[in-house]
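> Read off the chains here:
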Amino acid sequence: MSGTAETEQRVRHVVALRRALEALPDGPERRRVRRVERELRQALGVGVPKGVAARVLGISVTALDRWIQKGKIVEAHRPGSSRALVEAWSLVQVALEAGRAGEAGVTRGAVAEGIRRLEAAGRLPVPSRPNEHPLILRRDFLNSTPEERLAEIDALNRQLAVLARAAWRSRLKEAG
Amino acid sequence: MTTFPIAALGDLLVVLARHEVQHVVIGGVAVGMHGAPRATKDLDIVPLSTPENLARLWDALASIDARPKHLEGFRPEELPLPWSLRSLVEGQGNWILETTLGRIDVMQWVAPFEGYDDLIEQAEAVEIEGAQLPVRYAGLHDLIAMKQEAGRPQDLIDITALRLANGLEA
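Line order of the protein sequences matches chains A and B.
Every letter in the first sequence is one number past the one before it in the working numbering, and letter 69, counting from 1, is 69.
Every letter in the second sequence is one number past the one before it in the working numbering, and letter 127, counting from 1, is 127.
This is chain B alone, in the form it adopts within the complex:
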């Protein structure tokens, strides 16, 4: 399998949409959607956590050869849960995955939210070519709240950039 560290974002989003995976995009892509476009190493999504939707997500990920990223000190087979549909459904965890289209992070828990249900209320949508479903991305204030909790240097820069672009800060 040929994997590449930089995500082909548009192609990843089309794969998810074609499999009718309900999800909210967060992270760098959502930051860009709210006015601070920058390159990002991955696509971060929060999927709807129903077994049916996670099964569709599993199929979508299988079609692009998804497997857990080799984390420092851990090989995929050493992860606490094996990479499987069952782990995805029952584990309710976060997965950092490598695919043939680059990295995708599947986040089922992201502070300060409980998951998809919390984020979908304020989510916005954008149509993309090649997919019937629109891509939904986290609302501005939800995104800022996530970035505040994460608190890494890039998150703090993103918060300021988002506020500047949206006329909330000078």
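Extracted from the complex, chain A is given alone in its bound form:
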């Protein structure tokens, strides 16, 4: 099996397992299926090729690009590669909901309907970037120990507490 065929199969398996989980009661079986689903999802990595994503969704790459441009499906890049991928979780979510729409009788535009439903439920993954430069994030991570990172989070929280306390006092003062 080629790499892309294997990736496509993984995406389809993740989607199928997530559907199966919806019907499984709590218990050891559910726990086992959940574990497999998590492992498959992790194996998918950051993203999948656009051709794979388009096949899973049953649309053309051109149509997929239109959804990406609209910010409804998320793009991702691996380090050192300029090739644009479709973010795996975004794809899984849209494929899941499009599948449900298809089963509910939507024969045309199942992807559009799936995206609409996800948006309505506030569950559509959207492009999100931290406000820190990627190179700075990476450099700081490589140059710090877990102990230093914990100390940094603690210090950030203490600073925030000082500011919040000042704001609190100010509000109390204003309220008389």
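Keep in mind the hints are simulated off the structure, nothing from the lab.
Don't take each hint at face value.
25 Å max Cα-Cα, derived SDA-like pairs, lysine to any residue [what the hints assert, rightly or not]:
{"id": "1", "chain 1": "B", "residue 1": "K69", "chain 2": "A", "residue 2": "L163"}
{"id": "2", "chain 1": "B", "residue 1": "K41", "chain 2": "A", "residue 2": "R108"}
{"id": "3", "chain 1": "B", "residue 1": "K41", "chain 2": "A", "residue 2": "Q159"}
{"id": "4", "chain 1": "B", "residue 1": "K69", "chain 2": "A", "residue 2": "N131"}
Starting from the known structure of chain A, fit chain B onto it as the hints suggest.
Coordinates of chain B only, in the frame set by chain A:
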């Protein structure tokens, strides 16, 4: 009791460690540990759900005057279960608690995991001053899986930040 909305994270972790509470840290603190440090309003933990460990957790929380946070529309006494060791052990629920050291969320169920046993396998550890036990925090991929399930705007930003810091995404 004086409570404050921002958690004194280091102090909370020391209290848990001194009481030998076995737990895995998740949420914003774990995100920071994996390379995207940011301030967070609370400490989120998943405790080992044995009665003995939950009794130690209860003692630790009692020492910092823990009580359920006043949730919108609910007073603590209106919660489905009263705040007690028995509720903690038998309820297997999630508790949002205010303490003298700030907010701590005790999560006994967090999607897509069943609890502590699932998370401890990939958990990492960090030593902290003033405590003999190391602090264990969720593994990178487990954390990303939790953030994917939660799916709030901050979770999506955290996922990208975690991938960038760990060289998984550009």
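> All hints are to be evaluated individually against the structure, with a verdict given for each.
Comparing the hints with the structure gives:
no.	hint	in the structure
1	B:K69 with A:L163	holds (22 Å)
2	B:K41 with A:R108	violated (45 Å)
3	B:K41 with A:Q159	holds (12 Å)
4	B:K69 with A:N131	violated (31 Å)
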